[in-house]
Every structure is written in C-alpha cells, then in structure tokens.
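K.L.:
On the provided structure of chain P, position chain G with the ligands as indicated by the hints.
Chains as they are written, first to last, in this note's numbering: chain P, 1 to 286; chain G, 287 to 617.
Possibly wrong hints are sitting among the right ones.
In silico DSS-like links for lysine-lysine, alpha-carbon gap of 25 Å or less [what the hints assert, rightly or not]:
1. G:K416 with P:K251
2. P:K246 with G:K614
3. G:K342 with G:K352
4. G:K614 with P:K271
5. P:K54 with P:K198
6. G:K460 with P:K149
7. G:K584 with P:K272
8. P:K271 with G:K518
9. G:K525 with P:K279
10. P:K149 with G:K542
11. G:K418 with P:K251
12. G:K611 with G:K519
13. G:K525 with P:K272
14. G:K418 with P:K241
15. P:K249 with G:K611
16. G:K352 with P:K246
Bear in mind the hints are in silico, worked out from the structure with no lab data behind them.
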Amino acid sequence: MKKIVVLAKQVPDTANITGNTMKEDGTVNRGALPAIFNPEDLNSLEVALQIKEKIGAEISVITMGPPKAVEILKQSLYMGADKVYLVSDRKFAGADTLATSYVLSEVIKNIGGADIILAGRQAIDGDTAQVGPQVAEKLDINSITYISKLKNITDDSITVERDGEVQTEQIKTGFPVLLTITSDANEPRYPDCRLMLKHFRSSIEINFEEHKVEKMQENGWIIPTITREDLGLEIERCGLKGSPTKVHKIKSIKLAGNNLTMYGDNPTEIKKMAQSIIKDYVEVSG
Amino acid sequence: MKGIVFIEKNPATGDLRNVSKELTYKLYTLLQPYKGEVIGIFAGDELPKDINELFKLGLNRLIYYKNDRLKNLQSFAYKNILTSMIKSEEPDIVLFGATHTGRDIAPLVSSALHTGLTADCTQLYIDEYKDKGNILFQRRPAFGGNILATIITPDERPMMASVREGVMQIPEKKLDNPVKLEEFKIDFNENWIKNEFLSIVEKESKVHFNSSDIIVAGGAGVGSVDNFGLIKKLAWALKGEYGASRAAVDFGFAEKERQIGQTGHVVRPKLYIACGISGAVQHRAGMEESQKIIAINKDPDAPIFGIAHMGIVGDINETIPILLKYLKEEK
Ligand SMILES: Cc1cc2nc3c(=O)[nH]c(=O)nc-3n(C[C@H](O)[C@H](O)[C@H](O)COP(=O)(O)OP(=O)(O)OC[C@H]3O[C@@H](n4cnc5c(N)ncnc54)[C@H](O)[C@@H]3O)c2cc1C
Ligand SMILES: Nc1ncnc2c1ncn2[C@@H]1O[C@H](COP(=O)(O)O)[C@@H](O)[C@H]1O
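Here chain P stands alone, though its shape is the one from the complex (with noise of 0.2 Å):
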C-alpha cells in the first residue's frame, strides 16, 4: 500500500478582496478575509483520493500554519484523508518558503516518510509555486511540476500529464516523488456526510480539559499537533529566522491616473475616437 502526504495550506480567500478588506493605509485586512483551502491543494488532495481508490492508500494530509489552519485539517477528513497532522509553533511564524519547506520535509520524515508526495502548483496568498519543489530537494527526491492530469497509476510507477507550457508531456516516473497538481487535474469532491459524522468533533487538544482530552483519545478526535521542539529543529532555521528572504516594504496598489480623455457614447463622440485611433495606430492604405 502507498503512503501518500498531501501538503495543504489554510489561505486568506485573495479572489474576494473587497473595499472594506484594505486597511485605511493600504495594508491588508487579513481578519476580514475568509480563510479558504488553498483551492488546488484540493485537486491535489482528490488526486490522492483517486490512487487511494484504485491501488490503495494510506493519505497523511500536513499543514503548517496557525491552530486555526486545523478547519482545512477536518475538512480533509471530511473528504477522505487517513491521518492528519497540524504543524505549529510561535516559532514557525514569518517563514519564507525555504524555512517552510524545510519543517514540512523534517515533518515528513519524521512521521515515516512517503511514497507520493502532492502540493498544489501554487498557494493563492503568495502564488510562488515554490514549497513543493523545495520540499523535494530537502528530501532529495525527483519532482514533476504543473501535473494537469493523473493518467495511471501502478504499484511501482505513476505516469502523469505535464503542462509544458509550449508542449503538453506525459511523463512516467518511479517512487519516491512529488508532483505539483494544477487546477487542470481534476474536480475535487464534495465531503461525504457519513465521514462529517464521524470527524465533526475532530479537534486538537490545546482547548480541553484532561477527562475530555481522555475521552476524546478514545474516539480518535484527537488532530496530532507537531511543534519545534517535537522535531527537534534548529532555531536558526525555522520561521523568520530561517527565512533567507525578507519582506523590506510593501504597499497597496494604487492606480496611476494617467490623463484621461473620455469620449460620450453617441456615434459623434464614438467618430471623434475612431478618428483618434486611425490617425495614430492605422496605417492608412492606398
């Protein structure tokens, strides 16, 4: 049986930015915006659904993020995740991807490794593309990026469709991997009503007291967290400290305002830009 990790992110929902999500400074009113799952970590996750139901599966579903980041945890089991695992500490705040990918590649191994590795192409806050191949080289195993297709899956190979941007390329390659999954790939489900039954007490244990924590064990309502310390990881090398990159501004975007010249909507005025346009961009023939 595969072991399958899919690597998701809790994301501000930047597709609705609104009016009142600015900040009078032009900073972003992080608070305001519905926190989302990272919408191709979901295609990433249907992809681990898939090859769990034909060759079977055992899907690890990681986030590292604040404990709020646990919704996309439950979610995940909602929709088919085995396990999954909330990675948190004060001091993984501020990572850049480099210090990200390397907690998640130590968080990997240190649960027993894999065989299958899946992000999604890119997260919607920061649209780099980059913890996944990244995790991959911390790792030192191959990585296939831009997957828009699973075509087949077999005990020992995968062979996936790349969007090559100028050429579309199938790609058949052995384990262990890590394939960045596009929006392309598939639609992911719907979360199964029997499954929400079972999980929708799912929690992680930091907002109980011991006999519920004990009760909760029972079930299996326990959402593991995994801190610094419980990997054993340097300091140095974790969140803003490990963070070789460095945020030095940042500024809303305002538009330029450039000399405006409006024209009315009545076929003089419409004349009068049709003319505009001729004369400076028309090469008048003949």
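P.N.:
Positioned in the frame of chain P, the structure of chain G with the ligands alone reads:
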C-alpha cells in the same frame, strides 16, 4: 558584482525563449554601473540555435553542459548540474525566467544553495541597504496582486529572483560583446535521470500577443459568446489580436490561452482596448504597461478607467458596432 542568468530553449522551436534575452539585458543594465559580469548557464541536449544573440544583449560568457539525456525536463539532473555551475562562479545574483521550466528548477536550485528566491518579480533594482552594501531589491505583486511587496535577501548569496516573460524589455540597439562559450565538466550520474517521456505533444498556439501592436480584450461584461464576436471583429479591423480577462475565459467566451493578466499573458502593445473589463489587479498586472489604453465600460467607477488614456462609459454592444463602422469609413 557577478550575475548569472538561466538560459532556456523553446523545446518546440529550438530557439532561445524570449525571457532569456529579456533577462540577459536586464542583468546587463543592473550590473553595468558596477562593471559587473553577466554569465549565462545552460544545460540541455543542444544549445539554442540563436545563442549568439545573447552576446548582443550584454552576455559576457556562456557556461553550458550538453548531454542527450537532457533533451527533456529532468529536474533532478538539471538541479545538480545548474547548482554546481552556480557554485563554481559564486555570483551575487541569479535570475530565472518564470516559465514552467524556470518555476520548476529555480526553487530546487535555491533550496540546494540554501538561499532565498523571489518569484515573479515585476521590477528589479540594485541599491544600498544598511551595512550590507549594494543588494538586489525585488518587487513583486502579492496577496492576489492586491499589494506590491519589495523583497530582499540581505544575508545569503546568491540573491535569486524569477521574472515572467514579457515583463522586461529588449532594446533595439545591440551591443557587440564577443561570443564566449565555455563547456562545463561534471561527472554525470545516470541515476539523475528520473523521468521517462512517453509522449510530447506540441501545443498549438494561435495567439500572437508578442508581435501585435494592438490588442482588443473582452471581459465578463461582453455578456455572451455571440457578443464576443464583436471583440474579434474589432481586433481584426485593427489588424490586431484579441484577448480576454479571466472571467471571460471562465464563462467560455474565449480560449484559456488568450487570458491576459497575472495568471495569463503579460502584454505591452502600443494600444490596448479593454471592453467590459472591470480592471481587477490581477488583470492589470498583465496589461498596464501598454502604451495607450482605451476602456469601454458601462460603469463609470470601474477601476480600469484609473489606468486608461481614453474611455467611453457605455454599453459595448452599442458602442463597438458604431466604432467599427467609423473605422471602416475613415480608412
Ligand atoms: C490568483 C488569481 C489570479 C488571477 N489571474 C487573473 C488573470 O490573469 N487575468 C484576469 O483577467 N483575471 C485574473 N484573476 C481574476 C480577477 O480577480 C477578476 O476576477 C477578473 O479579472 C474579472 O474579469 P472582468 O473584468 O472581465 O469581470 P468583472 O469584474 O465581472 O467586470 C465586468 C465589467 O464589465 C462591465 N460591463 C458589464 N456589462 C457591460 C456592457 N454591456 N458594456 C460595457 N461594460 C459592461 C461591468 O461594469 C464590469 O466593470 C485572478 C484572480 C486570482 C485570485
Ligand atoms: N504552510 C504550509 N503547509 C502545508 N503546505 C504548504 C504550506 N505552504 C505551502 N504549502 C504547499 O506548497 C504549495 C505551494 O505553495 P507556495 O510555494 O506558497 O505557492 C501549496 O499549494 C501547498 O501544497
């Protein structure tokens, strides 16, 4: 200062990808004030046919490694080869094109070098920073394009960045650096080849944004596939190309390969006519460098007017037919 640019070949044509030329020249302009050296690195089966072009854009040397096994993307092997090329030169800056190949390999290399990588930069400049001397400032849109962040890598070297095709420009005037090709020696390990390519199908592209002076783009406001015919007609009347916003692509008005914006093409034509496009940041990211922008939108408060030079507040279904009529008459 020393800078390296990753040189990429278009596998379909065998020529250089435009972004490699754009970044060579960008690196040249960045380093010229410091009398810096511009070095290209390439790995593959054959050198790009027009490799000498790069020396006219400011390249000083090209370091290359050729092997038939590298005909297609073998990320694991590429990473090992490029990483050791970079290590042997100890550059301050390394630039990659943010193509599907560049975005595949750059993170691997940056991780192997334990250094920072800033993706999809729209602006790069060198300036002094505290006691660190001159460093690279890397500007990029973030948060879905709603903010512009300046990222630095103050302590590690090299400072790595990727830039999308079309963002930087190539000059008309050419330099005359001598061609200098250096073959790189490495113990190639057969185990680095991890991928078997079962088939490769070239994508048919009917879109020629690069060579079009005029682009007419339609958005969600166009309303239907039928109405989108007006956008095409206008583009044809002006001998231009037509494009679309993501919303228009999502509605099926136009093909995905015509999408302009952050996740589509970056274009900078002489004239860009935006029809029924609100002008979301992600769309603007792909077109705001156009020389002239015309906006036609029925909402006078649409952000697109904030970057437009000429505008009509009106319904495209009424205005475009009139515009077409006059364009024909006046010609
Ligand atoms: C990570 C990410 C990446 C993205 N990448 C891109 C990208 O690459 N490219 C892109 O375009 N978008 C991208 N988007 C989406 C972007 O945020 C916007 O949703 C999209 O650009 C909106 O397209 P639109 O302007 O056509 O539609 P809308 O915002 O719906 O605007 C339609 C406009 O048409 C006007 N209108 C309606 N009817 C008429 C009429 N009859 N006549 C005239 N005007 C009319 C309306 O007033 C309105 O201004 C991205 C989003 C995210 C989150
Ligand atoms: N904090 C995180 N926890 C788990 N997975 C992550 C995290 N950040 C990024 N990833 C994974 O890496 C992919 C690319 O992220 P990015 O490099 O930020 O664009 C995402 O789609 C996720 O699969």
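K.L.:
Looking at the structure, which of the earlier hints fail to hold?
P.N.:
The structure breaks hints 2, 6, 15, 16; every other hint is satisfied.
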